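Position chain D against the provided structure of chain P, taking the given hints into account.
Listed below are the residues making up each chain.
There are 2 protein chains.
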Amino acid sequence: MTAVVEDQTAATDSERLARAYLLGVAEPPAPHLLAFVGERGPIEAAARVRAKDCPDGVLRETAARYKTLNAELHLESAAKSGDRLVVPEDHEWPAWPLLSMAVATGRGVKDVAAPLGLWVRGRVNLAEVSTRAVAVVGARNATPYGESNALEFAYFLAGRQIPVFSGAAIGIDAAAHRGALGAGGVTVALLACAVDYAYPASNANLLQRIVDEGGAIVSEYPPTTKPARHRFLVRNRLIAGLTDGTLVVEAGIRSGARNTATTAGVLGKVVMALPGPVDSGGSAGCHALIREDKATLVTSVDEVVESVGLIGIGSAAPESQRRPTDVLGPDALRVYDALLPRSGRSPEQVAQSAGVPVSRVRGLLPELEIDGFAVRGDTGWRQIVRRAAR
Amino acid sequence: MTAVVEDQTAATDSERLARAYLLGVAEPPAPHLLAFVGERGPIEAAARVRAKDCPDGVLRETAARYKTLNAELHLESAAKSGDRLVVPEDHEWPAWPLLSMAVATGRGVKDVAAPLGLWVRGRVNLAEVSTRAVAVVGARNATPYGESNALEFAYFLAGRQIPVFSGAAIGIDAAAHRGALGAGGVTVALLACAVDYAYPASNANLLQRIVDEGGAIVSEYPPTTKPARHRFLVRNRLIAGLTDGTLVVEAGIRSGARNTATTAGVLGKVVMALPGPVDSGGSAGCHALIREDKATLVTSVDEVVESVGLIGIGSAAPESQRRPTDVLGPDALRVYDALLPRSGRSPEQVAQSAGVPVSRVRGLLPELEIDGFAVRGDTGWRQIVRRAAR
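Order-wise, the sequence lines are chains P and D. For the first sequence, my numbering begins at 1 and goes up steadily by one. For the second sequence, my numbering begins at 1 and goes up steadily by one.
Keep in mind that the hints were calculated from the coordinates and are not lab data. This structure is a prediction, so every number in the text was calculated from the model and none was measured. Every residue, glycine too, gets a C-beta built ideally from N, C-alpha and C. Don't take every hint at face value.
To be verified - Counterexamples of contact, computed for chain P against chain D with all Cβ distances above 12 Å:
(1) Thr12
(2) Ala64
(3) Ser81
(4) Gly182
(5) Gln208
(6) Cys286
(7) Ser307
(8) Asp371
(9) Ile384
Unchecked claim - Label pairs and their calculated CB-CB ranges:
(10) D:Leu233 - P:Tyr199: 53 to 59 Å
(11) D:Gly372 - P:Arg140: 51 to 57 Å
(12) D:Lys294 - P:Asp371: 41 to 47 Å
Looking at chain P on its own, in the form it has when it is part of the complex (with noise of 0.2 Å):
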């Protein structure tokens, strides 16, 4: 793990082991459980849990592993294969797009929970990432139509500043990360297994390259966890979930993709569909949600972006009007605003001035110094003034 990614946790190593208890002990989404948590705190329940002592629904849920689990054994494992857990208690939790699962949960609504935590694989912040983040997903068993628009609206969402959320599987999925990271972007894959088990085969360079050139791959599922029918489903969930919409670019009449596009649309996210050839199968189900009026025709990215009201973000806004501290997150600003351009400050100087944690600004400064806004200097670090683009 890179000193970037230390810097920006700040659950205790109490609660992170807790919640990687608490992510295994149970199948995910374990309602009673994450309800559980909610009362108790991570600590708590995950002894509680381990002790038997606890309502019945999540004895339920939890019958199966509650002694077995070792999630000490979780968290070597993932360490070594520089993994790590991020968790609700993490600057980096993305606790505003994941509210909309707690929304829905409360409405009533089945099989939306909120995750307990997620493995993650890959230098992003996961709450950066999701801020803004659109999904795009499909059938594996696409079309070239289907997998050539999969692969153009993911490389111009990119090369927006848009990070492009998938499932990693062959297919549409596929060729949406490969459309992003073909414009230098970030893509994030959501997986039905653990980030240290390769699946689909045929997509581990693929996987590989996600993690390589700044993007990630995300799961609920602890170290060695094999892919599972009813997974790709709950993993659905959370591509729904972590981003402001989802784009059904090919889909069968019951693919998956449906589903993730029904979920967007439960937890109250833009849901958008592509049109394509009448008599497609591949595109039937992209026309019954947009018939059924569950999906927005879409065939543009400008429309995507229109749709998922991003306009603003990336060259959806005038060239001349944008300012390229608009591709930041709102940490990320205050962290560059409160820089100065011709003498250094330290974190602790800027976390004062910007109200940001300390943590949290230790975390930012290198990623912004990447990105060209800051420089680390004797003094301390110093702003890197930006222009306008022309």
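Chain D alone, transformed into the frame defined by chain P:
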């Protein structure tokens, strides 16, 4: 003109002559003239227009032609060509579908005034053919994708006894008419020129086929009127007004077919659009209509029938539940039900029993005979009992 058509009339010669004058004296749509005719009736209105004894708005609409127009000549010319002028005083006037135009005009919508009469070439009963019709329209500049879909949708609509209306233009319109003819169904072409002015020349054979094979070509414009740019838009309102729904098969962003669709929406008719390849300019107008919630996306004839609310007509209902008489209009059904299988009845007896005017009964009986629902014998008209298809 055949006996069938003559029996369907009800307007007096004076009314028809007055309407012929009124229809030619102003360029449609002529809202002031329409309102004036509504107030005074056609005979008085025509006399007053000719005498310049009418409100300013009417004077303006009729100034150019009030003195020179020779309506007798129009009626003679039409009679020679086998054409006829159908007027609101006739039984076959499509009063029900056109009611939408009066309603919209009453609400203050511009340019959707009902026609003062319609010139018709072809043996259809205009009222019956308009009670459950679908317009299939689209761009002249069509792609093979668009043309083959127009052909196919029209074919299957016509095969379900749903008359297909279109504008006889090259491209999508022509394919729609051809599809309906291919199914042995009824198709009606609304023209932006006189019914005796074969336009476009490349479709002259098609127009002749439409008339020969049981359809009709229909226009507001008096004999010899040439097409003009503005007349296409004016004509579009009739395609929308005479049908229950409009299906846009393929249309560019600025296609006239979008205008027809918009008018159909304004008139409260069902607007449908076919999706197509996302990067096809030919489908851009369809996608825009769907995206802007001005049209329902449809991918099959079943969905067209469902959208238009024609379920129960044709094979939309399960085969076993369909009755042969489902294809009959309301008057025709009442006439059919008033016949007896074993003893003949006179048109007068049928009229009495059915509560349908005798002139209308005289028009419907030969039609029922052609369609195999009735037979003329020595003792009068008898019912042919038609069992439901297996």
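Hints and how they fare:
Every beta carbon of chain D lies more than 12 Å from that of P:Thr12, the smallest distance being close to 50 Å; the non-interface claim holds. At the 12 Å boundary, the C-beta of P:Ala64 stays outside the reach of chain D, the nearest C-beta of that chain being 45 Å off. In this structure P:Ser81 is separated from chain D by more than 12 Å, as the shortest Cβ-Cβ distance comes to about 40 Å. The non-interface label for P:Gly182 is consistent with chain D: the shortest C-beta to C-beta separation is roughly 18 Å, beyond 12 Å.
The claim that P:Gln208 is not at the interface with chain D holds, since no C-beta of that chain comes within 12 Å of its own (minimum 31 Å). P:Cys286, annotated as away from the interface, has a beta carbon of chain D within 12 Å; the closest lies near 8 Å. Some Cβ of chain D comes within 12 Å of the Cβ of P:Ser307; the nearest lies about 9 Å off, and the non-interface call is violated. With a minimum CB-CB distance of about 33 Å to chain D, P:Asp371 clears the 12 Å threshold, and the non-interface call stands.
Against chain D, the non-interface label of P:Ile384 holds: every CB pair exceeds 12 Å, the least being about 40 Å. For D:Leu233 and P:Tyr199, the Cβ-Cβ distance of about 58 Å falls inside the hinted range of 53 to 59 Å, so the restraint holds. Between D:Gly372 and P:Arg140 the Cβ separation comes to about 53 Å, which falls inside the hinted range of 51 to 57 Å. Here the CB-CB span from D:Lys294 to P:Asp371 is close to 43 Å, well matched to the stated 41 to 47 Å.
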